[in-house]
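Whole structure, please, built from the sequences with the hints as guidance.
Chains A, B, C and D, in that order, give the protein sequences. The opening residue of the first sequence carries number 1 in the numbering used here; numbering runs sequentially from there. The opening residue of the second sequence carries number 1 in the numbering used here; numbering runs sequentially from there. The opening residue of the third sequence carries number 1 in the numbering used here; numbering runs sequentially from there. The opening residue of the fourth sequence carries number 1 in the numbering used here; numbering runs sequentially from there.
One or more hints might be untrue.
As the list claims (entries may be wrong) - The calculated lysine to aspartate or glutamate pairs, modelled on EDC-like cross-linking and capped at a C-alpha distance of 20 angstroms, are:
hint	chain 1	residue 1	chain 2	residue 2
1	C	K218	D	D217
2	A	K55	D	E17
3	C	K55	B	E12
4	D	K215	C	E221
5	A	K55	D	E10
6	A	K332	B	E203
7	D	K218	C	E221
8	B	K292	B	E343
9	C	K126	C	E148
10	A	K356	D	E17
11	C	K55	B	E10
12	D	K126	C	D230
13	C	K215	D	E228
14	D	K55	A	E12
15	C	K282	C	E298
16	A	K126	B	D230
17	D	K55	A	D11
18	D	K215	C	E228
19	D	K126	D	E148
20	D	K55	A	E17
21	C	K356	B	E17
22	C	K114	C	E130
23	B	K215	A	D217
24	C	K356	C	D295
25	A	K292	A	E340
26	D	K114	D	E58
27	B	K356	B	E311
28	C	K218	D	E187
29	D	K282	D	E221
30	A	K292	A	E343
31	B	K215	A	E221
Hints listed in this document are in silico derivations from the structure and should not be mistaken for laboratory results. Keep in mind it's a predicted model, so treat the numbers as computed, not measured.
Below are the chains, spelled out letter by letter.
Protein chains: 4
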Amino acid sequence: MATIERFNTEDERQYYETAGRVQVKPGWLQGEGQPMPEMEPYLWRWAEVEPLVMKSGELVTPDRDVERRTLRLATPGLDRGTTHTITAALQLLLPGENAPAHRHTPTAIRWVLKGTGAYTTVEGDKCYMEPGDLVLTPSWTWHDHNNEGEEPMVWLDGLDVPLVRYLRANFYEAYPEDQQPIVGVAESERKFASGALRPAWEEPSAPYSALWHYKWDKTHEALHQLAEVDASPFDDVAMEFSDPMTGGPVLRTMTCWAQMIRPGIATRAHRQTSCAVYQVYKGEGHSVIDGKRFDWTEGDFFVVPPWVWHEHANNSGDEAILFSIQDIPIMKQMALYREEPYEANAGHQPVTGHFKG
Amino acid sequence: MATIERFNTEDERQYYETAGRVQVKPGWLQGEGQPMPEMEPYLWRWAEVEPLVMKSGELVTPDRDVERRTLRLATPGLDRGTTHTITAALQLLLPGENAPAHRHTPTAIRWVLKGTGAYTTVEGDKCYMEPGDLVLTPSWTWHDHNNEGEEPMVWLDGLDVPLVRYLRANFYEAYPEDQQPIVGVAESERKFASGALRPAWEEPSAPYSALWHYKWDKTHEALHQLAEVDASPFDDVAMEFSDPMTGGPVLRTMTCWAQMIRPGIATRAHRQTSCAVYQVYKGEGHSVIDGKRFDWTEGDFFVVPPWVWHEHANNSGDEAILFSIQDIPIMKQMALYREEPYEANAGHQPVTGHFKG
Amino acid sequence: MATIERFNTEDERQYYETAGRVQVKPGWLQGEGQPMPEMEPYLWRWAEVEPLVMKSGELVTPDRDVERRTLRLATPGLDRGTTHTITAALQLLLPGENAPAHRHTPTAIRWVLKGTGAYTTVEGDKCYMEPGDLVLTPSWTWHDHNNEGEEPMVWLDGLDVPLVRYLRANFYEAYPEDQQPIVGVAESERKFASGALRPAWEEPSAPYSALWHYKWDKTHEALHQLAEVDASPFDDVAMEFSDPMTGGPVLRTMTCWAQMIRPGIATRAHRQTSCAVYQVYKGEGHSVIDGKRFDWTEGDFFVVPPWVWHEHANNSGDEAILFSIQDIPIMKQMALYREEPYEANAGHQPVTGHFKG
Amino acid sequence: MATIERFNTEDERQYYETAGRVQVKPGWLQGEGQPMPEMEPYLWRWAEVEPLVMKSGELVTPDRDVERRTLRLATPGLDRGTTHTITAALQLLLPGENAPAHRHTPTAIRWVLKGTGAYTTVEGDKCYMEPGDLVLTPSWTWHDHNNEGEEPMVWLDGLDVPLVRYLRANFYEAYPEDQQPIVGVAESERKFASGALRPAWEEPSAPYSALWHYKWDKTHEALHQLAEVDASPFDDVAMEFSDPMTGGPVLRTMTCWAQMIRPGIATRAHRQTSCAVYQVYKGEGHSVIDGKRFDWTEGDFFVVPPWVWHEHANNSGDEAILFSIQDIPIMKQMALYREEPYEANAGHQPVTGHFKG
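Okay, here's the thing in structure tokens:
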């Protein structure tokens, strides 16, 4: 919209002075606040991040009374979060350690990267975590993490903190003890993991998935089953984790995907108003994001900002598996979701640069 | 409602005569049509039914041009269907035989009892049938059955024919050939069977389950998983087959259950406005229905009419597994579903007789 | 489906005898029960019905202890109901009379034809009835009718009794007194009649409309407003009464329509798997149903069975207004709703006869 | 959460330096970005705002090529919007002027304050605006405003711009001409305003209300009808504008309320995670917000930030009517909506100060 220069006259000067005092802002003047911070696509190399994660074990010792030992993936251009809606961070829990029980309105997902022998307790349900497992600790559910094994545990935390903070709806409560009482073991999983059968007496009752723990072996099998029969031109063999009680996304604010980019596949580019944080769970390949090529290998992380063209490719001989957290549910519920395919050049962007990091 | 005797006067005689001519019926006179036929609880012994099923293979030979070789479970008191909403029948398909392709508005489920090597094609998707598998051929989907194996195949057909006929909505169409073209093999199963993950690009699009084939091994495992953590006082370890895209029942008019009555369990009685047809897939035990005891063993079938008290027991040392077709979805959608627990005597009915058959 | 003649051999004779004893019915034999009764389109002339209604006041006197004084529109071909899902009846309530309080699972609508000064109490809410008003007494709500005025009241009752009885879900309870206590007057109407605004604290909570009373003046105005901007080729200016809390039909089993056939309009024919009972609230015209012409005038009733072609016309100089009860919600919830336009002859059936009655 | 002091050792210094280079942020250090800007409750006096609105007509002359002549209510503490989710602004359109046609993903509502003779065209539907009317121009609908009358028009614009910008989903398109073609006049209103009746052939098809124009007389009548039978302890006679096709809020991101505070009423305090912008459409009274008293009179505006106690009172002899825009739908869809009643002191906050402005 066009604007006009200020203060042509004393009359105007007084006008704007009064407007300022009365707390009204003329829309015809430049500058509705500063522009939104622009996040850039970015990639984090596991080779660089892992040492910092492991080292944090020495640095942040229990005596220092830190609730969680986390390293946030800090996208250039943002002063909080990994995107404007999602915070992704690496968490380290050493043998014998406990991350004390609490609950908060921001919802969290845990994607297990390394180690065994630890568990997360969600509302009394003890969920043992193994690599490739997805564990949900939804909004306002009590949760604590405990490592009763011999190895350091590392997982990816995904939270909707930036959105919840923006909406001024961040509530937090500490549990009186470090650990909440155990009610059962893998109850949610044993009741709901079959997905296609549900306890006959259960009805949907919460704004999040009834299933809190998705085991890697089932996820991996599902990807291979799907690969036999169908795939997406933009995401290849992509599966969305879903709530067995509704068939919808596992959370209201974030959805999680596991996708396999098969050897030799190069997907077509598209862009969406949603954004995503990816973890390379297995294999290697590259993505072209906003015209820049990002080569990735096992363990790396990368972020795709809203409305930038992106495509994925796997030139290796082995399957590549990506896990991602996406904010599609927000955009769809607000009726702000848009998706556009890249039409030119058979769907592939010209590559104008390589990400060096 | 109270009524009055007819024809006190000539005046009245004329009144009723006129009413008859004008096609209006006084509500204060007895008899709004004849009463609804009353169905009785009933049990069919596999030992008696199976010979008739097998024999039908000799009796109904291909040259006789019969579309389907079925024996309907005919509940005493009804002149059609097995209940007023469900028709259950045994179907036999011999090696080399084909049950020609057609579609109809009544929806059907197939619960496989005997044999391997046959398949049902649903909308081009080839589904190989094995004992314990549930296969859906929903309303207006093309389907045909083919036995390319060495053994006779026997399965239970469940259809909503009585309801659809009552609603005058029975449409039928024959396919020009005996077999529809095969588009793929187990595509629905490979896309949707995982249940807790769904192809990221799929949206619910039909008034029935996106998953058409539920394999026995997954069903059996789900029952055992659930048994570890929870059960219903009325149905013990009961699981409802569900649509992975919605979490709801697989069909609008019928739902299917697999339930395990564990050794030593005797459930509490309740009654529902819905009705059900059961098949004893495994094991032995008994049910008390409307005060009468029905002993059942592997292969038997029994029917529970609406609003009669029923409870199940397993005194054997092994698990008993019941499959059932229920019309709960109709009742819930019409807001006519009611359920009542039997309070007296710790939830157990006095047994007033035994079913002899 | 083809069938075969019985009893070619003694072997077969024995087979069918055994099948009969075991209670299984071969599907390859003729005759899955008798065919469904076929209802015919029919029309009832107010000139003939009204005298019978008024006369019933003399015939059925209070001392005769009849709960409701009703005359059912008895469609030829059916032994109950007006269609297989709907019962329509005329009810007469004389000055000073009370139709005692009760509730039942069948749901009822009341469409007021004659008189003022009477009211229906629905769950304690006193609703004064005037011609053209629609009053709902949904499933299991306490209701009683009382005439405190000077004139006989006549209204059309519409109930889903045939369906509810077919589903064996008919429950009935009498209220201990003839009248339930009055909690308020027109509360539902004053809270919900505005339709486009709702009490800010209310949430949908029942399987039926939150609005129980639709006043004629609003209905009439809505028809005229719609007539200014839009109409249906099959039903002209047709409005469906809706639940302000959901926008959906007022009941799970029936929906009600008010429609205006404008002077000079002849709609195109179509057929639906649903059925309808119509009342000519105002004006005159005719409908062609299944090729037969039904001339109607103010006060008449007619029935359109499932899946028969029907079209409406108004050759008079004044508006014609039809009220109807339709079972579309049942068919849509069961995914059995179908609709087909009549393509030939610009959408008009050849008229093969006139209804004489 | 506890934190630790930085740089105890050279080792740590290097660690944080590396972390910075690698773009990961230790969670155990203070400061996840700056805190969210804190908005204060605030009130704008019509006596002060109106002159600025009218004066803007002289200041911003057509030759200056400004698309819209608006004054935003700029809440202290925020650098954009009126809350973090809602922008409220006053718009002036002089006789003969046109605000050119465009569309954008942010959704807008218009609440008319002054003047007649202007109209807003929404997707070709010409809606004449009068004081007290609510007009919706939902996300991505073409709209332009035109004043063909003799008086200046002033209305309140409410947009979800701050949220849409935060979500990086702001799309904008200008229409090739200043005015879009007129398809009809008040079509949406004539089809859908009755609320309790809907065109029989219409189905919900958009993520916003089918009704775009809510006329003041119906709103006012609805408030008086409701006042006869019910009220909220926190908001007195409060009505939510709703979508007649769904019964839900008119928009996905904002809901609009009209509420009457009756003479002598002082509501109880509560707080919600949602926020609201109010306009005093009629009468006078005061609100206590976060312990501070805000006296308001006709034409004033005030804002209630998230999670602050607020209550309303009317000590005058006449009805007071408040219009408000609230972001409840966002919070409910995200499952972040919370509400808490103020329990102490019969629900009334101690007043610790008066707003002077």
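Now for the hints, and whether the structure bears them out:
1. The hinted pair formed by K218 of chain C and D217 of chain D meets the criterion: a straight-line CA distance of about 14 angstroms does not exceed 20 angstroms.
2. A hinted pair counts as satisfied when its Cα atoms are at most 20 angstroms apart, and K55 of chain A with E17 of chain D qualifies at roughly 13 angstroms.
3. For the given pair, K55 of chain C sits about 10 angstroms from E12 of chain B by alpha-carbon distance, which is consistent with the 20 angstroms threshold.
4. This hinted pair checks out: K215 of chain D and E221 of chain C have alpha carbons roughly 15 angstroms apart, not beyond 20 angstroms.
5. As the CA atoms of K55 of chain A and E10 of chain D are separated by approximately 14 angstroms, the hinted pair is consistent with the 20 angstroms bound.
6. Among the hinted pairs, K332 of chain A with E203 of chain B is consistent with the structure: their alpha-carbon atoms are about 13 angstroms apart, no more than 20 angstroms.
7. With a C-alpha separation of about 13 angstroms, the suggested pairing of K218 of chain D with E221 of chain C holds against the 20 angstroms cut-off.
8. About 18 angstroms separates the Cα atoms of K292 of chain B and E343 of chain B, which keeps this hinted pair within 20 angstroms; it holds.
9. At roughly 12 angstroms between alpha-carbon atoms, K126 of chain C and E148 of chain C fall within 20 angstroms of each other, so this suggested pair holds.
10. Note on K356 of chain A and E17 of chain D: the hinted pairing holds, with a Cα-Cα distance of about 19 angstroms set against a maximum of 20 angstroms.
11. Of the supplied pair hints, the one linking K55 of chain C and E10 of chain B holds, its CA atoms being roughly 14 angstroms apart against a limit of 20 angstroms.
12. Taking the CA atoms of K126 of chain D and D230 of chain C, the gap is about 16 angstroms. The hint holds against a cut of 20 angstroms.
13. Among the hinted pairs, K215 of chain C with E228 of chain D is consistent with the structure: their alpha-carbon atoms are about 18 angstroms apart, no more than 20 angstroms.
14. With a C-alpha separation of about 10 angstroms, the suggested pair K55 of chain D and E12 of chain A falls inside the 20 angstroms cut-off, and the hint holds.
15. For the hint linking K282 of chain C to E298 of chain C, the alpha-carbon distance of about 5 angstroms falls within 20 angstroms, and the restraint holds.
16. Proposed proximity of K126 of chain A and D230 of chain B is supported: the alpha carbons are some 16 angstroms apart, at most 20 angstroms.
17. In summary, the hint linking K55 of chain D to D11 of chain A is supported, as the alpha carbons are separated by about 10 angstroms, within the 20 angstroms threshold.
18. With a C-alpha separation of about 18 angstroms, the suggested pairing of K215 of chain D with E228 of chain C holds against the 20 angstroms cut-off.
19. Between K126 of chain D and E148 of chain D the alpha-carbon distance is near 12 angstroms, which keeps this suggested pair within the 20 angstroms criterion.
20. For a cut-off of 20 angstroms, the pair hint linking K55 of chain D to E17 of chain A stands: about 13 angstroms separates their Cα positions.
21. Among the hinted pairs, K356 of chain C with E17 of chain B is consistent with the structure: their alpha-carbon atoms are about 19 angstroms apart, no more than 20 angstroms.
22. At roughly 7 angstroms between alpha-carbon atoms, K114 of chain C and E130 of chain C fall within 20 angstroms of each other, so this suggested pair holds.
23. Restraint check: the Cα-Cα separation between K215 of chain B and D217 of chain A comes to about 18 angstroms, which is no more than 20 angstroms; the hinted pair holds.
24. The suggested pairing of K356 of chain C with D295 of chain C holds, with an alpha-carbon distance near 9 angstroms, which does not exceed 20 angstroms.
25. Annotation: proposed proximity of K292 of chain A to E340 of chain A holds, straight-line Cα distance about 19 angstroms (limit 20 angstroms).
26. Annotation: proposed proximity of K114 of chain D to E58 of chain D holds, straight-line Cα distance about 18 angstroms (limit 20 angstroms).
27. Proximity of K356 of chain B to E311 of chain B is assessed by CA-CA distance (about 18 angstroms); at most 20 angstroms being required, the pair is judged to hold.
28. Distance hint between K218 of chain C and E187 of chain D is fulfilled; the C-alpha atoms sit about 18 angstroms from each other, no more than 20 angstroms.
29. Taken as a hint, the K282 of chain D and E221 of chain D pair is honoured in the structure, with Cα atoms around 14 angstroms apart against an allowance of 20 angstroms.
30. Between K292 of chain A and E343 of chain A, the direct Cα distance comes to roughly 18 angstroms. Compliance with the 20 angstroms bound is thereby established for this hinted pair.
31. For the hint linking K215 of chain B to E221 of chain A, the alpha-carbon distance of about 15 angstroms falls within 20 angstroms, and the restraint holds.
Checked against the numbered hints listed earlier, the structure breaks none of them; every hint is satisfied.
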